[in-house]
Amino acid sequence: MILRRSAVSAVATVALLALASTACTVKSSDDTGPADTATAKTGKGSAELADGSGTKIALVPGGAHPYFQPWKQAGADAKKTLKLGDVTLDETAEWDQQKQNNLLSTLAARGYNAFGVFGVSPTDINTTFADLKSQGFAVASLGSCPAGGKNEADFCLSTDVELAAYKAAKATIEAMGGKGTLVHLTGNNVDANTQLRIKGVEKAVKESGGKVDLLQNITDIDKDLQTAQKAVSDLLATKGSRIQGIVSTAYNPAVAAAEAVQETGSKAKVVAIDDDAKILSSIKNGSVSATVVQNPVGQAEIGSWALALLQTKQCTMKQPGQIADSGSFVVTKENVGTYDEARKAKTAELKKQFADEYLSCG
22 MILRRSAVSA VATVALLALA STACTVKSSD DTGPADTATA KTGKGSAELA DGSGTKIALV
82 PGGAHPYFQP WKQAGADAKK TLKLGDVTLD ETAEWDQQKQ NNLLSTLAAR GYNAFGVFGV
142 SPTDINTTFA DLKSQGFAVA SLGSCPAGGK NEADFCLSTD VELAAYKAAK ATIEAMGGKG
202 TLVHLTGNNV DANTQLRIKG VEKAVKESGG KVDLLQNITD IDKDLQTAQK AVSDLLATKG
262 SRIQGIVSTA YNPAVAAAEA VQETGSKAKV VAIDDDAKIL SSIKNGSVSA TVVQNPVGQA
322 EIGSWALALL QTKQCTMKQP GQIADSGSFV VTKENVGTYD EARKAKTAEL KKQFADEYLS
382 CG
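Heads up, the numbering used here is the position in the sequence shown plus 21, with the first residue counted as 1.
The reader is advised that the hints may include incorrect statements.
[What the hints assert, rightly or not] With a cut-off of at most 25 Å between alpha-carbon atoms, the simulated BS3-like pairs for lysine-lysine come out as follows: (1) K305 with K100; (2) K200 with K260; (3) K354 with K334; (4) K372 with K101; (5) K224 with K188; (6) K334 with K288; (7) K372 with K354; (8) K288 with K299; (9) K299 with K104; (10) K354 with K299; (11) K188 with K288; (12) K200 with K232; (13) K227 with K171; (14) K93 with K299; (15) K220 with K171; (16) K373 with K101; (17) K93 with K339; (18) K244 with K232; (19) K200 with K171; (20) K334 with K373; (21) K171 with K100; (22) K339 with K188; (23) K334 with K100; (24) K227 with K305; (25) K154 with K188; (26) K244 with K200; (27) K93 with K104; (28) K171 with K224; (29) K154 with K104; (30) K101 with K365; (31) K101 with K334; (32) K232 with K260; (33) K171 with K365; (34) K232 with K288; (35) K339 with K354; (36) K188 with K334; (37) K299 with K232; (38) K171 with K154.
Simulated from the structure, these hints should not be mistaken for laboratory data.
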């Protein structure tokens with residue numbers, strides 16, 4: 022559900038008012054001594070970072086991809102706000118788990134002691150997390166959780182990709198008028214997240230009661246924009262007349278589909294992912310029906326804050342390996358100018374959720 026501006030304000034207000042009664046209180050920057058005394062009397066710890074100057078956080082994507090660019094600014098903001106020793110964004114040129122492992126080792130040797138990682142291989146990344154943990158580092162799985170339901174990192178903060186794909190497919194089916202032929206464009210077929218996205222789309226199609234036919238799941242086209250453009254061009258050239266809807270759950274195919282539909286005059290309804298400027302402008306001009314945006318800023322912001330609390334030993338995870346959904350939001354022409362308010366409200370809610378439910382602070 023997308024929160025309207027008034028609803029967002031209400032949610033944010035409730036979240037702020039509730040902070041005083043959290044199990045692991047979050048103090049505002051202007052809280053003074055009496056608040057500390059009250060905290061001590063109730064026996065509740067604080068999730069307000071006391072001293073993060075010795076914490077050096079490395080945010081490490083699986084490789085180069087536009088999705089991770091907001092992590093850089095969010096990390097820089099966290100460094101300033103939390104007064105951390107450092108926050109850096111570093112990545113390998115290729116999506117290769119061994120190369121990512123080597124980079125993590127290099128960063129550790131350079132003094133980084135807390136890591137927010139988007140693992141290249143969902144099936145192997147737990148080994149990497151366990152190794153980092155064994156060296157005494159705080160570790161978060163950011164943007165993607167390990168496959169199989171077990172997470173060896175301290176926590177995972179990621180989009181519930183199956184839910185996000187389901188929302189996108191439902192929005193596409195609605196734009197199609199509830200019937201017709203749908204095509205799904207997505208990423209690497211061996212990625213566990215891709216399989217979850219396929220599952221989400223198929224669930225939405227099944228709920229149509231046979232009124233919608235899923236023509237094809239087209240995978241392995243998110244490597245770069247050129248690959249996606251060729252795939253979409255080939256799709257429209259060979260099957261365009263049969264297609265009433267295109268849902269993309271990967272970034273590059275989403276941009277390619279938005280461009281192609283506008284250029285060719287295709288009548289297919291397109292629902293994209295993320296908030297690339299081209300996608301947002303296409304929503305405004307009507308060539309794209311909707312997009313589902315994620316919350317990479319919240320992942321880096323909340324991830325850095327929680328990692329600092331864990332690395333300083335100020336807090337521990339009540340349940341090691343906790344998994345939290347960073348949020349996904351349907352954006353249409355009606356809310357294209359205000360959707361970021363809902364995303365900010367979700368980030369504030371996440372901070373309260375970590376303090377209330379996930380962290381134990383002494």
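Quick rundown of the hints versus the structure:
1. K305 with K100: violated, 35 Å
2. K200 with K260: Within the cut-off at roughly 17 Å; holds.
3. K354 with K334: Judged against 25 Å, a Cα distance of about 46 Å means the pair is violated.
4. K372 with K101: Distance ~18 Å between K372 and K101 Cα, so the pair holds.
5. K224 with K188: Holds - the C-alpha atoms of K188 and K224 are around 10 Å apart, at most 25 Å.
6. K334 with K288: violated, 56 Å
7. K372 with K354: Violated, because 29 Å separates the two Cα atoms, which is more than 25 Å.
8. K288 with K299: Distance ~18 Å between K288 and K299 Cα, so the pair holds.
9. K299 with K104: This hinted pair is violated, its Cα atoms lying about 36 Å apart.
10. K354 with K299: The given pair, whose Cα atoms are some 14 Å apart, holds under the 25 Å limit.
11. K188 with K288: Judged against 25 Å, a Cα distance of about 21 Å means the pair holds.
12. K200 with K232: holds, 5 Å
13. K227 with K171: violated, 28 Å
14. K93 with K299: holds, 21 Å
15. K220 with K171: Satisfied, since the Cα-Cα distance of roughly 19 Å is no more than 25 Å.
16. K373 with K101: holds, 21 Å
17. K93 with K339: Violated, at roughly 29 Å.
18. K244 with K232: This hinted pair is violated, its Cα atoms lying about 32 Å apart.
19. K200 with K171: Outside the cut-off at roughly 38 Å; violated.
20. K334 with K373: holds, 19 Å
21. K171 with K100: Violated, at about 30 Å.
22. K339 with K188: violated, 31 Å
23. K334 with K100: Holds - the C-alpha atoms of K100 and K334 are around 18 Å apart, at most 25 Å.
24. K227 with K305: Status violated; Cα separation ~30 Å.
25. K154 with K188: violated, 35 Å
26. K244 with K200: violated, 31 Å
27. K93 with K104: Holds - the C-alpha atoms of K104 and K93 are around 16 Å apart, at most 25 Å.
28. K171 with K224: Cα-Cα ~24 Å, so holds.
29. K154 with K104: holds, 24 Å
30. K101 with K365: Roughly 19 Å between the alpha carbons, so the hint for K101 and K365 holds.
31. K101 with K334: Holds. K101 to K334 sits at ~20 Å (cutoff 25 Å).
32. K232 with K260: Status holds; Cα separation ~19 Å.
33. K171 with K365: violated, 28 Å
34. K232 with K288: holds, 18 Å
35. K339 with K354: violated, 41 Å
36. K188 with K334: Violated, at about 38 Å.
37. K299 with K232: violated, 31 Å
38. K171 with K154: Holds. K171 to K154 sits at ~15 Å (cutoff 25 Å).
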